[in-house]
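Position chains B and C relative to chain A; hints supplied.
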Amino acid sequence: MNSIIKTIRTERIKLKRSPVWLAFFALPIISAFFGTFNYLNNLELLKSEWYSLWSQHSLFLCYFFMPALIGTYCSYLWRLEHTRHNWNSFLTAPVPIFALYLGKLVQAAIMIVLSNIWIFLLFYLCGRLSGIQSAFPVAALEWFVCGVIGGIVICCLQLLMSLVIRSFAVPIGIGLVGGIGGLLATSKGWGLNYPYSLYSMGMRANKPQMELDLMTFGIHAMGYIIVFIVLSVFYLHEHEMAAG
Amino acid sequence: MKTLKMEFYKIKRRKIGLTMCALMAVQFLWLIWAFRNPSESERLQGWLGTLYSMPLINSIMMPTIMAVLASRLADVEHKGNTYKQLETLRTASSLFHAKVFCGLIFIVLMFVAQFTFLILFGHYLRYEGQPDIGYYLRYLLLSLICTFALYLLQLALSMLFFNQMVPLVVGLCGSMLGLILMYLYNWNFRFLFPWGGYISTMFVGADWDQNTRIMTYYYMETTENGFLGHGFIVLWMILFYVVGRILFTRREV
Amino acid sequence: MPTQNLIETTDLTKQYGKVICVNQLNMQVPQGAIYGFLGPNGAGKSTTLKMILGLAKPTNGSITLFDSPVNEKNRIKLLADTGSLIESPSYYGHLTGEENLRIIQTLKGCPEQDIAKVLKIVRLEDARKKQVNHYSLGMKQRLGLAAALLGFPKLLILDEPTNGLDPAGIQEMRELIRTLPSSYGITVVVSSHLLSEIDQMADHVGIIRKGELVYQNTLESLHSHAKQQIAIRVNHLPIAIDILHQRGIEPTQENDYLLLPMVDDAYVANLCQQLVSQNLSLYRVEKREKSLEDIFLSLTGKESSL
Numbered sequence: 037m038n039s040i041i042k043t044i045r046t047e048r049i050k051l052k053r054s055p056v057w058l059a060f061f062a063l064p065i066i067s068a069f070f071g072t073f074n075y076l077n078n079l080e081l082l083k084s085e086w087y088s089l090w091s092q093h094s095l096f097l098c099y100f101f102m103p104a105l106i107g108t109y110c111s112y113l114w115r116l117e118h119t120r121h122n123w124n125s126f127l128t129a130p131v132p133i134f135a136l137y138l139g140k141l142v143q144a145a146i147m148i149v150l151s152n153i154w155i156f157l158l159f160y161l162c163g164r165l166s167g168i169q170s171a172f173p174v175a176a177l178e179w180f181v182c183g184v185i186g187g188i189v190i191c192c193l194q195l196l197m198s199l200v201i202r203s204f205a206v207p208i209g210i211g212l213v214g215g216i217g218g219l220l221a222t223s224k225g226w227g228l229n230y231p232y233s234l235y236s237m238g239m240r241a242n243k244p245q246m247e248l249d250l251m252t253f254g255i256h257a258m259g260y261i262i263v264f265i266v267l268s269v270f271y272l273h274e275h276e277m278a279a280g
Numbered sequence: 024m025k026t027l028k029m030e031f032y033k034i035k036r037r038k039i040g041l042t043m044c045a046l047m048a049v050q051f052l053w054l055i056w057a058f059r060n061p062s063e064s065e066r067l068q069g070w071l072g073t074l075y076s077m078p079l080i081n082s083i084m085m086p087t088i089m090a091v092l093a094s095r096l097a098d099v100e101h102k103g104n105t106y107k108q109l110e111t112l113r114t115a116s117s118l119f120h121a122k123v124f125c126g127l128i129f130i131v132l133m134f135v136a137q138f139t140f141l142i143l144f145g146h147y148l149r150y151e152g153q154p155d156i157g158y159y160l161r162y163l164l165l166s167l168i169c170t171f172a173l174y175l176l177q178l179a180l181s182m183l184f185f186n187q188m189v190p191l192v193v194g195l196c197g198s199m200l201g202l203i204l205m206y207l208y209n210w211n212f213r214f215l216f217p218w219g220g221y222i223s224t225m226f227v228g229a230d231w232d233q234n235t236r237i238m239t240y241y242y243m244e245t246t247e248n249g250f251l252g253h254g255f256i257v258l259w260m261i262l263f264y265v266v267g268r269i270l271f272t273r274r275e276v
Numbered sequence: 562m563p564t565q566n567l568i569e570t571t572d573l574t575k576q577y578g579k580v581i582c583v584n585q586l587n588m589q590v591p592q593g594a595i596y597g598f599l600g601p602n603g604a605g606k607s608t609t610l611k612m613i614l615g616l617a618k619p620t621n622g623s624i625t626l627f628d629s630p631v632n633e634k635n636r637i638k639l640l641a642d643t644g645s646l647i648e649s650p651s652y653y654g655h656l657t658g659e660e661n662l663r664i665i666q667t668l669k670g671c672p673e674q675d676i677a678k679v680l681k682i683v684r685l686e687d688a689r690k691k692q693v694n695h696y697s698l699g700m701k702q703r704l705g706l707a708a709a710l711l712g713f714p715k716l717l718i719l720d721e722p723t724n725g726l727d728p729a730g731i732q733e734m735r736e737l738i739r740t741l742p743s744s745y746g747i748t749v750v751v752s753s754h755l756l757s758e759i760d761q762m763a764d765h766v767g768i769i770r771k772g773e774l775v776y777q778n779t780l781e782s783l784h785s786h787a788k789q790q791i792a793i794r795v796n797h798l799p800i801a802i803d804i805l806h807q808r809g810i811e812p813t814q815e816n817d818y819l820l821l822p823m824v825d826d827a828y829v830a831n832l833c834q835q836l837v838s839q840n841l842s843l844y845r846v847e848k849r850e851k852s853l854e855d856i857f858l859s860l861t862g863k864e865s866s867l
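Chains as they are written, first to last, in the working numbering: chain A, 37 to 280; chain B, 24 to 276; chain C, 562 to 867.
Simulated from the structure, these hints should not be mistaken for lab results. Careful, some of the hints might be misleading.
[What the hints assert, rightly or not] Mimicking BS3-like on lysine-lysine, the simulated pairs with C-alpha atoms at most 27 Å apart in a straight line are:
1) C:Lys-681 / A:Lys-52
2) C:Lys-638 / C:Lys-715
3) C:Lys-851 / A:Lys-52
4) C:Lys-691 / C:Lys-681
5) C:Lys-715 / C:Lys-634
6) A:Lys-52 / C:Lys-691
7) C:Lys-848 / C:Lys-788
8) A:Lys-52 / C:Lys-715
9) B:Lys-38 / B:Lys-28
10) C:Lys-638 / C:Lys-678
11) A:Lys-243 / A:Lys-224
12) C:Lys-691 / C:Lys-678
13) B:Lys-38 / C:Lys-579
14) C:Lys-851 / C:Lys-771
15) C:Lys-851 / C:Lys-788
Isolated chain A, as found in the complex:
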């Protein structure tokens, strides 16, 4: 436990002076701006107030951009080690390898939580500014929590990919494609069997009325998270990262 706190602190230091969070700040603004614009232009079709607005806000963001953006962040976290011979010092630190990995995952998860808070804050503000008078839906809290869990699934998968593929850009391309693939998977009803879909499903992207069996969702998410973590830590153990 002690070493996990240590690695979380050192990962925090490593992220200094990199305005990575700006992307997580900017992209939801673009999405919210145009989502609201679209909502206001189609008021005669979109009549469910908060729910309609959410469908406009979330569609592009959850399918197209958050998976790739999460991928960008995960790539960045490992790139710190992939460059400047840092594997040598990273892996000779006297802490368990699991703790080293968890330090990265926690940073990514924190970013998911923060960006989700931001997304929902924008949602609320845009709703009020567009003149929606009714109360903010309580269900949004559930979307938020499920979104965070689904986002962490993508984190674990992207961390695994950026660890194995020593490139910055390729895993991001995969993230983009993965997110778009989520559109297909969800529409076919395979959403739970496709890790990238869990985020958009959790967020109820484009379909705020969708019923989600929380138990099944949770079990699937947990399963993916465990598998990806185990694979990543195993890879760090077995593959001689510092040799290449």
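Same frame as chain A, but now just chains B and C:
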């Protein structure tokens, strides 16, 4: 020429070609999935409809694909810290040009592949008639210019920032903007964004009949605004080339 | 030797595919030593050091560090007592020197004051608030050494620490390394492809050639190999050999020369007289010196030059 050869040599084992093939393959799969079962009316207008859909698909995918391509090509130097060494061997400007040409070759190959795919796929789906080659070549040329402009932008960013997060996020935001701009039908200033180029130079329009649920495509006259759109994609291309070159040759290594 | 070994490897072997990179290496590093690990580039130095640090896994053989076997279970405990600088320095370029050290200090769990101490040792106090991207190569190398020194470990493993340093920097690094055992009780393993460098720092030396340890002993004993010889050339070698045999000397023949161990001037004069009196024409009598450099070359093979 020598620098260009060196450029290809450097990326030998970096599987950039493979990455690009994979991304194009995804695009093709998307097209196959989206158009696999054309209705009768869609079949009648198939060749025209393709020219309507492709700019939209390009404007979603190409900004990110270009960010990946540029980042891969520039990253060779960051990883190995070879800028210093290279710049003593070649001038900064010839290094810049080598990267530009290298990327251009990839882009041309990708669009030739896409073009071929569209023709074959259309015939496979038995679209009515023959594709209007003149318009198809026009589409090809416009897409190449837009894409090349985006590549030049991404290349400049990728070479300037060690932190590849910056160019990749710009690419992603570009994709997002491209997607959003296509929803803003009535907005005339899409060409002000380099990512809006695909949409602002579109020459096929569509009418959606809510009752029959049939989309009717037609060739649009190029309006004044359309001319501006065409002008701007060339302008963006030149601008990014010049700015990239200046930034790259002037910076201290 | 009365001192106990801090590192001991037994038949340590590393194979990448078909290429054997390190072959049945038996390395012994006594406590308190400065062990010079010498060999041409690509001989397997880095790979060996990486195996000791657990960064690479041996294909065969075992390593004992501080009397414990190097394995997954002991990894953390052993790394806590070890500092290392492998290949090039590791650093996060967008962070300052101090921030880079804070990362290592946090992970090692050593006192915060150590940061200031090691910065002082490597003379980077003035640059501690500067981003490492703006450091010169020598400064980065010194920062790497500072990071390795954090926590003042029992063992320091330095792989080519003078790489890329200017002559003054090399000199400084050498002085620094030399004082480590006496000042902080640190045992040092330092690798290099330059004999002269090891000669000036180390007290023990291991020479590796194509993955095999071809020599391992104190530097002193390596020096004793550096011996002088007398070389003579005459018109008819067999007669000269006979004469030498009668005197109880076993000469070695090298081209047209006979090599005999170093003898004093009077002996040489006497020998020459005898050779001439046997009607031999004496062409040359030379003093030959086999330098440390020659020994190193003969151990590592001339084809793998420095």
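To see whether the hints hold, each was checked on the structure:
1. Restraint check for C:Lys-681 and A:Lys-52: the C-alpha separation of about 24 Å stays at or below 27 Å, so the hint holds.
2. The suggested pairing of C:Lys-638 with C:Lys-715 holds, with an alpha-carbon distance near 12 Å, which does not exceed 27 Å.
3. Proposed proximity of C:Lys-851 and A:Lys-52 is contradicted: the alpha carbons are some 57 Å apart, above 27 Å.
4. At roughly 15 Å between alpha-carbon atoms, C:Lys-691 and C:Lys-681 fall within 27 Å of each other, so this suggested pair holds.
5. Note on C:Lys-715 and C:Lys-634: the hinted pairing holds, with a Cα-Cα distance of about 19 Å set against a maximum of 27 Å.
6. Note on A:Lys-52 and C:Lys-691: the hinted pairing holds, with a Cα-Cα distance of about 14 Å set against a maximum of 27 Å.
7. A distance of roughly 11 Å separates the Cα atoms of C:Lys-848 and C:Lys-788; the hinted pair therefore holds under the 27 Å criterion.
8. For the hint pairing A:Lys-52 with C:Lys-715, the CA-to-CA distance comes to about 32 Å; that exceeds 27 Å, so the pair is violated.
9. Restraint check for B:Lys-38 and B:Lys-28: the C-alpha separation of about 16 Å stays at or below 27 Å, so the hint holds.
10. Taken as a hint, the C:Lys-638 and C:Lys-678 pair is honoured in the structure, with Cα atoms around 23 Å apart against an allowance of 27 Å.
11. Pair hint A:Lys-243 plus A:Lys-224 holds up; C-alpha atoms about 14 Å apart against a cutoff of 27 Å.
12. Taking the CA atoms of C:Lys-691 and C:Lys-678, the gap is about 17 Å. The hint holds against a cut of 27 Å.
13. With a C-alpha separation of about 25 Å, the suggested pairing of B:Lys-38 with C:Lys-579 holds against the 27 Å cut-off.
14. Among the hinted pairs, C:Lys-851 with C:Lys-771 is consistent with the structure: their alpha-carbon atoms are about 23 Å apart, no more than 27 Å.
15. Among the hinted pairs, C:Lys-851 with C:Lys-788 is consistent with the structure: their alpha-carbon atoms are about 6 Å apart, no more than 27 Å.
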